[in-house]
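Colleague: Chain by chain, the residues:
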Amino acid sequence: MNIRSVLVANRGEIAVRIIRAAKALGLRTVQIHSQADADSLAVRLADEAIDIGPPAAKKSYLNIEAVLAAATSAKVDAVHPGYGFLSENAAFAEAVTAAGMTFVGPDAAAIRLLGDKVAARQAAARAGVPTVPGSEGRVSDIAEATAIAARIGFPVMIKAAAGGGGRGIRIIESVAEFERQFPQASAEAAAAFGDGSLYIEKVIAEARHIEVQILGDGESFIHCFERECSLQRRRQKVWEEAPAIRLPEDVRARLCASAVALVRSVCYRGAGTVEYLYDEASGDFYFIEVNTRIQVEHPVTEMITGLDLVQEMLRIAGGEPLSIRQHDVRVNGHAIECRINAEDPLKNFMPWPGRIDALTVPEGEGIRFDTMLYAGYTVPPFYDSLLGKLIVHDIDRRACLMKLRRALDELLVTGIPTTLPLHAALAVDPDVAYGRVDTRFLERWLENRFTAPAGAKEVA
Amino acid sequence: MTKADIRSPLPGVFYRRPSPDSAPFKSDGDPVVTDDVIGIIEVMKSFHEVRAEVAGTAIRFVIDDADAVMAGQTIAEVQQ
Chain A
1 MNIRSVLVAN
11 RGEIAVRIIR
21 AAKALGLRTV
31 QIHSQADADS
41 LAVRLADEAI
51 DIGPPAAKKS
61 YLNIEAVLAA
71 ATSAKVDAVH
81 PGYGFLSENA
91 AFAEAVTAAG
101 MTFVGPDAAA
111 IRLLGDKVAA
121 RQAAARAGVP
131 TVPGSEGRVS
141 DIAEATAIAA
151 RIGFPVMIKA
161 AAGGGGRGIR
171 IIESVAEFER
181 QFPQASAEAA
191 AAFGDGSLYI
201 EKVIAEARHI
211 EVQILGDGES
221 FIHCFERECS
231 LQRRRQKVWE
241 EAPAIRLPED
251 VRARLCASAV
261 ALVRSVCYRG
271 AGTVEYLYDE
281 ASGDFYFIEV
291 NTRIQVEHPV
301 TEMITGLDLV
311 QEMLRIAGGE
321 PLSIRQHDVR
331 VNGHAIECRI
341 NAEDPLKNFM
351 PWPGRIDALT
361 VPEGEGIRFD
371 TMLYAGYTVP
381 PFYDSLLGKL
391 IVHDIDRRAC
401 LMKLRRALDE
411 LLVTGIPTTL
421 PLHAALAVDP
431 DVAYGRVDTR
441 FLERWLENRF
451 TAPAGAKEVA
Chain B
461 MTKADIRSPL
471 PGVFYRRPSP
481 DSAPFKSDGD
491 PVVTDDVIGI
501 IEVMKSFHEV
511 RAEVAGTAIR
521 FVIDDADAVM
531 AGQTIAEVQQ
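In the order they appear, the protein sequences are chains A and B.
Be aware that the first sequence starts at 1, since it is given in the numbering used here, and climbs by one per residue.
Be aware that the second sequence starts at 461, since it is given in the numbering used here, and climbs by one per residue.
If you are wondering where the hints come from, they were derived from the structure by calculation, not from laboratory data.
Fair warning: there could be bad hints in the mix.
Said to hold, decoys possible - In silico DSSO-like cross-links for lysine-lysine, where the CA-CA straight-line distance does not exceed 27 angstroms: (1) K463/B <-> K58/A; (2) K505/B <-> K59/A; (3) K23/A <-> K75/A; (4) K505/B <-> K23/A; (5) K59/A <-> K75/A.
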């Protein structure tokens, strides 16, 4: 492998995850941090740490010049961007390469193409991947939007062409709503993403969110099967599983093959995810978007395949061909991940930073806790609320759910409220156990069924 | 004349304006009615309105725009 050191251009649990993977490959690790993260676990674990600026992400983790200056001064060979922040910023990937270092991810051209929702949709269609009925490209005005909606039927979604992570999406039920929402959506997209262009997709009712993990080295491309991410709140994933629930074998084969066809068509290098909506009633699936980075939920795939996806990313970046072929990737059992956030689920998910007084982590075979926490750590208010991810693995989904209940019961975070009570309630819910879920299930469930579970511990 | 405090409901960064280019929600000396928005708290990439739970003839802020606040910390005082 032709890289010996890596700069971790991120924070939180993913920074810790990258440091561990890099060290397992014998790489030197350099962690950048804002002034609010000087006490972070990632800073403690890395071989070297560099302060890159004030707490506000714009002045530190999103500041391309500051990150590049740190990488240059630390003389690293490579930069791993994690997820969020600069991970899907083509200009950053270009700048890293121009400075003579390796960007751990696809090249800038692939990030740019797949990061643009309209271009990605067109690339998917060219590769033979089914797309959600909608506009062929950007929609320029309300008249055009109305004509498309008349053809495909309401409700439709307005999406920002440059959006991602569920942000910038509006549901439109009628022509009258177009008049009001279209200009607002365009203005918001311009403010948030620097690009006000919009496109339109039909809303697929009762869809499930299923995504395929892929790996590519530019010449060979494989899939690592799929994940089910239907439990979402405000379009943010809350609980993820692998493999998908009740997915017929022929659908799985077509879904995974289509993801590989798409990344092959752009000569993809690195780890990535192709996201789909799946309509269980008809058995149809539709392409949504490609994430050109490692994702929060990657551990469930690691648990069922035995692969280390972050190590694979680093090896690919280091110029090695894929170490595995498609027939080497096999599904073993079932895995579930719960995202533990610093939010109070009993008070409308109010975010709540603060000091972690004590931490007890569950142990045992098939239990993994990817986290940034340690007892005595103070969670800063400046970044997102993800504290860690509890991942369990067992021989099948039923056994996995049993193990999850036990692990959730043992996991204790005191000092601030967390979303643990939400997961404890979901883990004993009959609809979740039967897999009767879609992307709107959690919002309905929170409205109608969620109360503090019996015996929930007061932690605040 | 009595005085009541408006306290921060959560920890974060307190802003007196809806956006950097806007006028402040309230200036010192303004009257306040119950449920008036007096500011915004940014915490973990989300924004939360701070509403007055009391009414009064004049508000006076005791912290500056963009200051960090703790839960329960006094943001402003209201003359009643």
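Colleague: Now, for every hint given, state plainly whether the structure supports it.
Modeller: Against the structure, the hints come out as follows:
Of the pairs offered as hints, the one joining K463/B and K58/A is violated, with about 39 angstroms between alpha carbons and a cut-off of 27 angstroms exceeded. For the hint pairing K505/B with K59/A, the CA-to-CA distance comes to about 15 angstroms; that is within 27 angstroms, so the pair holds. Between K23/A and K75/A the CA atoms are separated by roughly 17 angstroms; this keeps the pair inside 27 angstroms, and the hint holds. About 31 angstroms separates the Cα atoms of K505/B and K23/A, which puts this hinted pair outside 27 angstroms; it is violated.
Between K59/A and K75/A the alpha-carbon distance is near 22 angstroms, which keeps this suggested pair within the 27 angstroms criterion.
Of the numbered hints stated above, those contradicted by the structure are hints 1 and 4, listed in ascending order.
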